[in-house]
Amino acid sequence: MAYTTIAEVRLNHERIPEGSKEDTIISKQIQFVDGMVDAKLRGKYEVPFSTTPAIIAGIACDLVTFRVLRSLFGAQVEAYQQWLDQYKTPADELLQAICDCLINLDPDLVTARLRVKSNTQGKEAIFNLGDPYDQAYHPTESDQRYGEDS
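Following my numbering, the numbering of the sequence shown begins with 8 at its first residue and continues without gaps.
Hints are computed from structural coordinates only; laboratory data are not their basis. Where a beta carbon is used, it is the ideal one built from N, C-alpha and C, also for glycine. A hint or two may mislead.
Claimed, not checked - The calculated label-pair distances, taken between Cβ atoms and stated as ranges, are:
1) Pro55 with Glu85: 32 to 42 Å
2) Ala86 with Ser57: 29 to 39 Å
3) Cys108 with Glu21: 27 to 37 Å
To be verified - Pairs of lysine to aspartate or glutamate, EDC-like flavour, derived with a Cα cap of 16 Å:
4) Lys51 with Asp107
5) Lys47 with Asp107
6) Lys51 with Asp115
7) Lys47 with Glu85
8) Lys47 with Asp99
9) Lys51 with Asp113
10) Lys35 with Glu15
Build out the structure end to end from the sequences listed, making use of the hints.
Spelled out as structure tokens, the structure:
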């Protein structure tokens with residue numbers, strides 16, 4: 008499942024022309040960005056996402072928009088720096104913040120390898136209040152003589 012669509016990319020910037028050639032370019036860029044997002048987040052989240060978080064959809068749309076504009080118009084056009092500032096840089100920063108866990112996605116999306124686990128599942132707990140081996144500590148005279156506090 009793609010994280011953005013051709014229609015969303017077209018809505019993101021008015022200079023992207025209509026046409027099958029452009030649709031092909033957009034589709035290729037969507038595939039590239041989906042793979043890039045998955046590769047970046049694979050160690051922390053179960054990817055590809057079955058339901059795309061809104062922030063991932065926005066990041067993907069902005070990155071695809073930037074890549075399509077660069078592909079169609081080149082890096083030498085006057086608006087290139089504006090596209091970089093408007094689409095690529097913020098999307099890259101958000102994606103990095105998610106990767107660095109500064110921004111967290113839904114905890115249900117976290118990869119199973121990183122979920123909190125207990126090693127005592129299905130086993131009897133070691134410490135149970137009231138068991139014969141659970142005892143309160145009472146300092147003895149010898150403990151106090153050697154400077155140990157209770």
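Structure-based check of each hint:
Checked against the given bound of 32 to 42 Å, the beta carbons of proline 55 and glutamate 85, roughly 36 Å apart, stay inside it. Between alanine 86 and serine 57, the C-beta spacing of about 36 Å keeps the proposed range 29 to 39 Å intact. A beta carbon spacing of about 36 Å between cysteine 108 and glutamate 21 agrees with the range 27 to 37 Å that was offered as a hint. Using a Cα cut-off of 16 Å, the hinted pair lysine 51 and aspartate 107 holds, with the two alpha carbons roughly 9 Å apart.
Simply put, lysine 47 and aspartate 107 have alpha-carbon atoms about 10 Å apart, close enough for the 16 Å limit, and the pair holds. For the proposed pair lysine 51 and aspartate 115, the alpha carbon gap of about 11 Å is at most 16 Å, so the pair holds. Restraint check for lysine 47 and glutamate 85: not satisfied, since their Cα atoms lie roughly 30 Å apart, outside the 16 Å limit. Our distance criterion of 16 Å between C-alpha atoms is met by lysine 47 and aspartate 99, whose separation comes to about 11 Å.
Distance check on the hinted pair: lysine 51 and aspartate 113 sit about 12 Å apart at the alpha-carbon level, within 16 Å; holds. A threshold of 16 Å between alpha carbons decides the hint, and for lysine 35 with glutamate 15 the separation of about 15 Å falls inside it, so the pair holds.
Going through the hint list in order, the structure does not satisfy hint 7, though it satisfies all others.
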